[in-house]
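Hey, can you work out the whole structure from these sequences and the hints?
Here the sequence shown stands for residues -26 to -1, 1 to 159, where the numbers follow mature numbering (1 follows the signal peptide of the UniProt record, and there is no 0).
A few of these clues could be false.
Between beta-carbon pairs, the in silico distance windows are [said to hold, decoys possible]: (1) 138 x 96: 28 to 34 Å; (2) 52 x 89: 34 to 40 Å; (3) 1 x 88: 22 to 28 Å; (4) 101 x 27: 16 to 22 Å; (5) 29 x 123: 45 to 51 Å; (6) 122 x 97: 19 to 25 Å; (7) 33 x 139: 27 to 33 Å; (8) 148 x 33: 16 to 22 Å; (9) 122 x 92: 43 to 49 Å; (10) 31 x 64: 15 to 21 Å; (11) 85 x 148: 21 to 27 Å; (12) 139 x 29: 46 to 52 Å; (13) 88 x 56: 37 to 43 Å; (14) 139 x 93: 20 to 26 Å.
Keep in mind that the hints were calculated from the coordinates and are not lab data. All C-beta atoms in this analysis are idealised placements derived from N, C-alpha and C, irrespective of residue type, glycine included.
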Amino acid sequence: MTRRLVLLALLACCAGCGTIASPNAAAGPWDPVVGVVADRLATADTVAASKYVSKAGVEDPARERVVLDAAAAAGSTRRLDPAEVAAVVGDQIAASKVVQYGLLEDWTDRPATAPTTPPDLAAVRTTLDAVTPRLVDTLASAQPARTDPVCRGEVTSAAVRVAAARSLDSLHRRGLERAVRSFCP
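And the structure:
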């Protein structure tokens, strides 16, 4: 909660500071990475719908382990630290859960808005399996920016731009905020 308040305060303070929080600013080194993260996060709605209809739990440790292991292995092939890649992908999983839990709560409170037919979760997993290598590739491209002293500001700027470009609502913005936590050391 404190980290979120600090990030929101930073965004508020920097709203008039030029590029840091301007959704119209030029793309930086993190925009492609954040774009892929937003692509991955977009699947959370379908996953939540499937879990709502099937009454399945959000937590799936076995599936998460498969995803994290695959990401770490893919990171190794790109000469990235497997533990760092796993941390980034772990944040993607956590971000998806932020959205899933938010949607499930909303649907529980307002059942008339809830899905009634289950979407195909296998198709979503295929999408997620395709997004992970793209995420690793964009992380490799952005690797030099990780140690830049302005890394966090650039990541925040990229998140603001991507959220604005995709018209993300507050729930998905919270998910995106969670997804980018471990981009910078």
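To see whether the hints hold, each was checked on the structure:
1. 138 x 96: 28 to 34 Å: Given about 32 Å between the Cβ atoms, the range holds.
2. 52 x 89: 34 to 40 Å: 37 Å, holds
3. 1 x 88: 22 to 28 Å: Violated, at about 37 Å.
4. 101 x 27: 16 to 22 Å: 19 Å, holds
5. 29 x 123: 45 to 51 Å: 48 Å, holds
6. 122 x 97: 19 to 25 Å: 38 Å, violated
7. 33 x 139: 27 to 33 Å: 31 Å, holds
8. 148 x 33: 16 to 22 Å: Between residue 148 and residue 33, where Cβ atoms are some 19 Å apart, the hint holds.
9. 122 x 92: 43 to 49 Å: Cβ of residue 122 to Cβ of residue 92: about 44 Å, so the range 43 to 49 Å holds.
10. 31 x 64: 15 to 21 Å: For residue 64 against residue 31, whose Cβ atoms are near 18 Å apart, the range 15 to 21 Å holds.
11. 85 x 148: 21 to 27 Å: 23 Å, holds
12. 139 x 29: 46 to 52 Å: Since residue 139 and residue 29 have Cβ atoms about 35 Å apart, the given range 46 to 52 Å is violated.
13. 88 x 56: 37 to 43 Å: Because 39 Å falls inside the window, the suggested range holds.
14. 139 x 93: 20 to 26 Å: 25 Å, holds
Violated hints for the displayed structure, listed by number in ascending order: 3, 6, 12.
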